[in-house]
Amino acid sequence: MSIRDEPVVLDTNVWIFGLRRHPAVPACTALLERLGELTVAVPRQILRELQVNLTEAELTALFRLLGEIPDHVKLSWRKVRPESIRKYQRLGCRLGDAAVAGHLDELKVRVLVTENRHFLRGIRGLPFRSLVAAEALAELDA
Amino acid sequence: MTAKVERLAAQVVALDEDEQRALWECVAGLSYHRGLRRLSEQYRRRMQRQNKLGHSAEEILDRLRRDRGAIAAHEYPG
Chain R
1 MSIRDEPVVL
11 DTNVWIFGLR
21 RHPAVPACTA
31 LLERLGELTV
41 AVPRQILREL
51 QVNLTEAELT
61 ALFRLLGEIP
71 DHVKLSWRKV
81 RPESIRKYQR
91 LGCRLGDAAV
101 AGHLDELKVR
111 VLVTENRHFL
121 RGIRGLPFRS
131 LVAAEALAEL
141 DA
Chain Z
143 MTAKVERLAA
153 QVVALDEDEQ
163 RALWECVAGL
173 SYHRGLRRLS
183 EQYRRRMQRQ
193 NKLGHSAEEI
203 LDRLRRDRGA
213 IAAHEYPG
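So the protein sequences, as listed, match chains R and Z.
Per the working numbering: the first sequence = residues 1 to 142.
Per the working numbering: the second sequence = residues 143 to 220.
I should point out that these hints are in silico values taken from the structure, not numbers from a laboratory.
Hints are supplied without guarantee of correctness; some may be wrong.
What the hints assert, rightly or not - Keeping only pairs whose Cα atoms sit at most 20 Å apart, straight-line, the calculated EDC-like set for lysine to aspartate or glutamate is:
(1) Lys79(R) with Asp105(R)
(2) Lys194(Z) with Asp5(R)
(3) Lys194(Z) with Glu106(R)
(4) Lys194(Z) with Glu217(Z)
(5) Lys79(R) with Asp209(Z)
(6) Lys79(R) with Glu217(Z)
(7) Lys87(R) with Glu217(Z)
(8) Lys74(R) with Glu148(Z)
(9) Lys74(R) with Glu106(R)
(10) Lys108(R) with Glu58(R)
(11) Lys79(R) with Glu58(R)
(12) Lys87(R) with Asp105(R)
(13) Lys108(R) with Glu33(R)
Said to hold, decoys possible - Partial pick of chain R residues on the chain Z-facing surface, computed with a CB cut under 8 Å:
(14) Arg21
(15) Val52
(16) Ser84
As the list claims (entries may be wrong) - Far from chain R by the CB rule (all over 12 Å, computed), these chain Z residues:
(17) Arg149
(18) Val154
(19) Glu161
For glycine and all other residues, C-beta sits at the position ideal for the given N, C-alpha and C.
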């Protein structure tokens, strides 16, 4: 299964690095440019983190932008169920990471794209895989 | 301008359904790319003003990690 055929969640760092055009991670910018080739879910925890990192005007511009490709991006403001958080905390996730993992689980998303190489790696039993942006691009091009 | 737009509109309606769909997708894609570039420039200008544009990837990841913990603690207390 490729990310062309299944929904993905982009971690906040992918959005932020992509918008910053950070030179250390150019794949994040390239991935944002190719959002129209993906189906992206944006869960509440990621939305709240974007709210903290973007000004109101920037956030409005981002939402307007995502509205240009409505078939490819779905925002979800629903909170994670406490049992989902506990499930991932039991597996060894910190609270915030457990919230993100819980979102993926509840949204039935099987791929997380993140530049945080430590995030969730080494934790067994996760129902999704994590890729860095460069790996996601490679899957898109395969 | 109006004549030009009318000419373009006539060309669009002459396309078959699949071609029209492809055209609108293409227009949406171009509009998205232009908007993304504009938003990115806006964000980078603010980072520059705040002397944050040069932050390393690791610094940014650390900051985001802290934000994640603080937001989750607020959203899911106890």
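Checklist entry - Any hints this thing doesn't respect? Which numbers, in order? => result 2, 3, 4, 8, 10, 11, 13, 16
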